[in-house]
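Student: Those protein sequences? They're chains A and B, same order as listed. The numbering used here applies: residue 1 is where the first sequence begins, and numbers increase by one. The numbering used here applies: residue 114 is where the second sequence begins, and numbers increase by one.
Since the hints were derived computationally from the structure, they do not count as laboratory data. Each residue gets a CB set at the ideal place from its N, CA and C atoms; glycine is no exception. The reader is advised that the hints may include incorrect statements.
[As the list claims (entries may be wrong)] The following residues of chain A were derived to be distant from chain B, with all beta-carbon distances above 12 Å:
#1 S8
#2 E9
#3 I13
#4 T20
#5 N24
#6 L62
#7 K71
#8 L74
#9 T78
#10 G104
[What the hints assert, rightly or not] Label pairs and their in silico Cβ distance ranges:
#11 B:R128 / A:H112: 26 to 34 Å
#12 A:Q14 / B:S199: 32 to 40 Å
#13 A:E52 / B:E165: 43 to 51 Å
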Amino acid sequence: SQKIEQNSEALNIQEGKTATLTCNYTNYSPAYLQWYRQDPGRGPVFLLLIRENEKEKRKERLKVTFDTTLKQSLFHITASQPADSATYLCALDSSGGSYIPTFGRGTSLIVHP
Amino acid sequence: KAGVTQTPRYLIKTRGQQVTLSCSPISGHRSVSWYQQTPGQGLQFLFEYFSETQRNKGNFPGRFSGRQFSNSRSEMNVSTLELGDSALYLCASSSGQPPSSGANVLTFGAGSRLTVL
Chain A
1 SQKIEQNSEA LNIQEGKTAT LTCNYTNYSP AYLQWYRQDP GRGPVFLLLI
51 RENEKEKRKE RLKVTFDTTL KQSLFHITAS QPADSATYLC ALDSSGGSYI
101 PTFGRGTSLI VHP
Chain B
114 KAGVTQTPRY LIKTRGQQVT LSCSPISGHR SVSWYQQTPG QGLQFLFEYF
164 SETQRNKGNF PGRFSGRQFS NSRSEMNVST LELGDSALYL CASSSGQPPS
214 SGANVLTFGA GSRLTVL
């Protein structure tokens, strides 16, 4: 069956360090992978999109990598700040061309000052 | 431009009742998707509407239904509420273009928090 796995344990890091979040998937052949940020009680907010033929994408302090061989995406936040504390969700476009994103359960990031 | 607006933000119902949630998408967006979010299951896709037609459907029972109006606003309804329906219901809009045009990037509303007692 199809699975999208994100670490369920919260990631705690110190301010200024690089946070790295992982998204693994099985039985998918996604054309796109997206990352969203969700704050408590709010809806997810789109951050970055990477295509299957792209290895890496950057936006300001954010970097996403996509390895279709390993079936894994890594999401990096450099020079992390307490304001980066949130839950980060990865989403893959569904197989079969319905292009409805399927979401992982997200990883909570806590940046300590 | 205005974001996705969901109403009501919070509501409390009892088992057996029904509920209707409303979503106003971003102006110009023709696709509206609904998701249910719970701590145990994460974000689960309910259905997607495009130009007043249900285009995709998730794996939820028939108690969950929706519709879309000609101005792209959407409503979802849950009948015969169960305790397990307590969740954050999220609406998301997008341009809804075919897959060949690119990824389906979603803009979410703040959600409607439903508590069933």
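Student: Can you name, in rising order, the numbers of the hints this structure does not satisfy?
Tutor: 1, 10, 11 and 13
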